[in-house]
Amino acid sequence: MIFAFSLFVLCQLLGEVLVRLAHVPVPGPVLGLVLLVCYLAWRKQVPEDVQRTSSGLLTHLSLLFIPAGTGVMVHIHTLKTEWLPILAALLLGTILTLIVTVFVFTAVARLTGAERVAAPGEAE
Amino acid sequence: MRPAISSIWVYLSASPLLWLAATLWAYIVAHSLHERSGRNPLVSSVSIAVIALIALLVATDTPYDTYFQGAQFVHFLLGPATVALGVPLYTHLGSVRRLFIPMLAALLAGSVTAIVSSVGIAWLAGANLLTLKSLASKSVTTPIAMAVTEQIGGLPSLTAVFVILTGILGAVVVTPLFNALGIRDRQARGFAAGVAAHGIGTARAFQVSDVSGAFAGIAMALNGIMTALLVPLLARFFV
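In the order they appear, the protein sequences are chains S and H.
Residues in the first sequence are numbered from 1 upward in steps of one, following the working numbering.
Residues in the second sequence are numbered from 1 upward in steps of one, following the working numbering.
Mixed in with the good hints there might be a few duds.
Unchecked claim - Residues on chain S that point at chain H, a partial pick, calculated with CB under 8 angstroms:
#1 Phe5
#2 His23
#3 Val37
#4 Val50
#5 Leu58
#6 Leu61
#7 Val74
#8 Leu98
#9 Val104
#10 Thr112
Said to hold, decoys possible - Beyond 10 angstroms from chain S on every Cβ pair, some chain H residues (computed):
#11 Tyr11
#12 Arg36
#13 Leu42
Said to hold, decoys possible - To spell it out: a stretch of chain H is covered by chain S in this simulated footprint if at least three of its residues, at any positions, have a beta carbon under 8 angstroms from a beta carbon of chain S; those stretches are:
#14 14 to 26
#15 53 to 65
#16 153 to 160
#17 169 to 178
#18 192 to 198
In short, the hints are calculated from the structure, not lab data.
Quick reminder that beta carbons are idealized off the backbone N, C-alpha and C, glycines included.
Let the hints inform the model, and build the full structure from the sequences given.
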């Protein structure tokens, strides 16, 4: 657990440093994610410890959103005055995104003839 | 008795320990409610915990800054957790390669739609610039969305709220919507859920099928990266 956690923190640190050195407009942790994938590709496997620590962090990802989510109390005024544009943007934006993504995926898969692996009992 | 309690409160309210404990226990309780509801996306552990904590902070007249001194230890883990998303991404790299072109096309289309439609609709409906900036990355997982918002000068904590609401809306809408449209492909359905509604959409997709879940997880990680690249770029053109 300590190795895996240190590995994640190191990737994040390198990500932050590289982002600043190269002036790329990407958050440091995202570059850290890419670095971790490169590391795993180099190792050609996911070490047990890394697998366990990653699942541990990701299973309880919701916990990590709570401090920031509680920050909404500071923005209550914005939400009160702009609830209509916000609700419209979130609801319609999400529905549009779902529809566009699913249609592009199926259309391009059909065009390129990408093979599909259907799970057993999936055809319905 | 009274003075003793108040002196303990004076100590506790000034130490980070109280609000760290409150954050953890608010989550534990909210999470068990979520489990007990059969993982109903409407009973979101984040919303329940946030509402409970805000009620507590308002009742005790505690400012958010004081709360955050305790909660920052949890908040800090968002960075390493973002890096950890690399593990499931690497695990599914095989399926990513096989369906590379459809996924890339759907990712690009979905990512741009998510950003442009939400900002565009809010702009048409008269939202101000700070709200628009905070909306742009609402479809991706919170740690990435908050970092992106910070970078373009929005309000990260407002983004966190938008992200969670998007996840809940997406998870509720996805299955009935795709059934109504007659979309059967589980890979495509899962991928769309991950692009539009990040982790909450992914959790929902896993309930429907493993194939959907795996593709949603990949889509969530890829859209995190794509949005992190696109939003600062689009922001340069429009702001």
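Results of checking the hints against the structure:
{"no.": "1", "hint": "Phe5", "result": "7 angstroms, holds"}
{"no.": "2", "hint": "His23", "result": "11 angstroms, violated"}
{"no.": "3", "hint": "Val37", "result": "5 angstroms, holds"}
{"no.": "4", "hint": "Val50", "result": "6 angstroms, holds"}
{"no.": "5", "hint": "Leu58", "result": "6 angstroms, holds"}
{"no.": "6", "hint": "Leu61", "result": "6 angstroms, holds"}
{"no.": "7", "hint": "Val74", "result": "5 angstroms, holds"}
{"no.": "8", "hint": "Leu98", "result": "5 angstroms, holds"}
{"no.": "9", "hint": "Val104", "result": "4 angstroms, holds"}
{"no.": "10", "hint": "Thr112", "result": "5 angstroms, holds"}
{"no.": "11", "hint": "Tyr11", "result": "22 angstroms, holds"}
{"no.": "12", "hint": "Arg36", "result": "15 angstroms, holds"}
{"no.": "13", "hint": "Leu42", "result": "14 angstroms, holds"}
{"no.": "14", "hint": "14 to 26", "result": "holds (count 3)"}
{"no.": "15", "hint": "53 to 65", "result": "holds (count 5)"}
{"no.": "16", "hint": "153 to 160", "result": "holds (count 5)"}
{"no.": "17", "hint": "169 to 178", "result": "holds (count 6)"}
{"no.": "18", "hint": "192 to 198", "result": "holds (count 5)"}
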